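Protein chains in written order, with our numbering: chain A, 1 to 106; chain B, 1 to 106.
What the hints contain is simulated information worked out from the structure, not anything from laboratory work.
There could be a bad hint or two in this list.
Cut-off 20 Å, straight-line C-alpha distance, at most; resulting in silico cross-link-like pairs (DMTMM-like, lysine to aspartate or glutamate) [what the hints assert, rightly or not]:
(1) B:Lys47 / B:Asp81
(2) B:Lys53 / B:Glu26
(3) B:Lys53 / B:Glu6
(4) B:Lys72 / A:Glu26
(5) A:Lys72 / B:Asp81
(6) B:Lys72 / B:Asp13
Here are the in silico distance ranges between beta carbons for each label pair [claimed, not checked]:
(7) A:Ser41 / B:Arg25: 24 to 32 Å
(8) B:Arg61 / A:His68: 24 to 32 Å
(9) A:Glu36 / B:Ala50: 18 to 26 Å
(10) B:Gly64 / A:Gln42: 56 to 64 Å
Note that this is a predicted model, so its numbers are computed, not measured.
For glycine and all other residues, C-beta sits at the position ideal for the given N, C-alpha and C.
Protein chains: 2
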Amino acid sequence: MITSGELFSGLGDPTRRAIFEQLCREGEQTVWMLTEQAGVSQPAVSKHLAVLKHCGLVHDRRQGREVHYSAKPQALAPLVDWMSVYAGFWRERFDRLEDLLKRMDQ
Amino acid sequence: MITSGELFSGLGDPTRRAIFEQLCREGEQTVWMLTEQAGVSQPAVSKHLAVLKHCGLVHDRRQGREVHYSAKPQALAPLVDWMSVYAGFWRERFDRLEDLLKRMDQ
DNA sequence: CCAATCCATAACTTGTTAGTTATGGATTGT
DNA sequence: ACAATCCATAACTAACAAGTTATGGATTGG
Chain A
1 MITSGELFSG
11 LGDPTRRAIF
21 EQLCREGEQT
31 VWMLTEQAGV
41 SQPAVSKHLA
51 VLKHCGLVHD
61 RRQGREVHYS
71 AKPQALAPLV
81 DWMSVYAGFW
91 RERFDRLEDL
101 LKRMDQ
Chain B
1 MITSGELFSG
11 LGDPTRRAIF
21 EQLCREGEQT
31 VWMLTEQAGV
41 SQPAVSKHLA
51 VLKHCGLVHD
61 RRQGREVHYS
71 AKPQALAPLV
81 DWMSVYAGFW
91 RERFDRLEDL
101 LKRMDQ
C-alpha cells in the first residue's frame, strides 16, 4: 500500500504536480502532449510519470506506439486520511471527501 | 500567502513531517524534546522548524532560554483546498459514470 | 560574575534528485 | 523493408536539500 509519505514526496515536485493536475483537468493525454506543456524534455516527463505511476496516481494504456496516461485521483485517499487526522479543524469539510472516496473504493 | 506547492514540499520530508505530527499529537514542545524524538541533531531540527514556520505550520513562543513550538493545523488549508479540487475531478467522472449506468438501465 | 543550558546560524560535506543527451525497442506508414 | 515516430531507459551532470560540526547569542542558576 502507498503511504501518505510517498504521496507527499511524489506530489512535492512542482513539475510532477503540474503533470498530475493537467491529467486531472484535461483527461487522458499522451506523453508527448504532456511534454509540450511541461517545459522539460520528454525523458524527464517519462521519469515523472514513472514516479506518479508508482504512487498509483496515474494509469497508462498503450495504444500502438502511443502511451495514454490518465489520472487516478482515488490514489489520493491516504492523503485524505492523513489530513483528516492532522487537520482536525477541517474535519467536517473532509468527511464529505472521505465519503466520496469510499464510494469509489467499492 | 502560502501555496499548496510549498506545503507539499514542506511536508514532503519525512523528518519534518514527523516533527509536525509530534507537535499535533503531543501539543507544545521545546526544541530539545523534538530533538530527542527526531533522531537527528539539534541544528537539523532547528532548520526543519524554520521551514515549518515559513509554511505557517508551527508557531514559536520563547520562554526564557527555551523555545516552545506548537502546531498550527489551520495552515493546511491550501492543501485541503487543493485536495477538494483534484479529488473533485474524480467525483465529476463518477457522477458521469452514474449517469451512464442509469441511462443503460432504461 | 561565571559556568552551564537552550537554541539558531554559519560553514561545510554528502546524498539525492531533477534535469540533460544519447540510445534503443516497439510500432506505424509508405 | 525502411524511415519515421513515440516512448522508456541508461548514463551523466548539476543543483539542491538534509545532514553534520563548530560557534555564538541569550538566558538561567549558583
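- Item | Outcome for the supplied range 56 to 64 Å, where the beta carbon pair is B:Gly64 and A:Gln42 | At roughly 57 Å between Cβ atoms, A:Gln42 and B:Gly64 fall inside 56 to 64 Å, so the hint holds.
- With respect to the beta-carbon atoms only, verify the hint that A:Ser41 and B:Arg25 lie 24 to 32 Å apart. 43 Å Cβ-Cβ, so the 24 to 32 Å window is violated.
- Query: Is the hinted pair B:Lys47 and B:Asp81 satisfied, with a Cα-Cα distance of at most 20 Å?
  - Reply: 27 Å, violated
- Has the given pair, B:Lys53 with B:Glu26, been kept, meaning a C-alpha gap of at most 20 Å? 18 Å, holds
- Message: Does B:Asp81 sit within 20 Å of A:Lys72, going by the straight-line distance between their CA atoms?
- Response: 18 Å, holds
- Query: Can the restraint linking B:Lys53 and B:Glu6 be considered satisfied, given a maximum Cα separation of 20 Å?
  - Reply: Since the Cα atoms of B:Lys53 and B:Glu6 sit roughly 12 Å apart, the hinted pair holds (cutoff 20 Å).
- When you take the CB atoms of B:Arg61 and A:His68, is the distance between them in 24 to 32 Å? Between B:Arg61 and A:His68, where Cβ atoms are some 53 Å apart, the hint is violated.
- Assess, step by step, whether the Cα of B:Lys72 is no farther than 20 Å from the Cα of B:Asp13, and give holds or violated. With a Cα-Cα distance of about 18 Å, the restraint between B:Lys72 and B:Asp13 holds, given a limit of 20 Å.
- Starting from the range 18 to 26 Å, see whether the pair A:Glu36 and B:Ala50 falls in it by beta-carbon distance. 38 Å, violated
- Message: Can you confirm whether the C-alpha distance between B:Lys72 and A:Glu26 stays at or below 20 Å?
- Response: Violated - the C-alpha atoms of A:Glu26 and B:Lys72 are around 35 Å apart, more than 20 Å.
Hint compliance for this structure: hints 1, 4, 7, 8, 9 are not met, and every other hint is.
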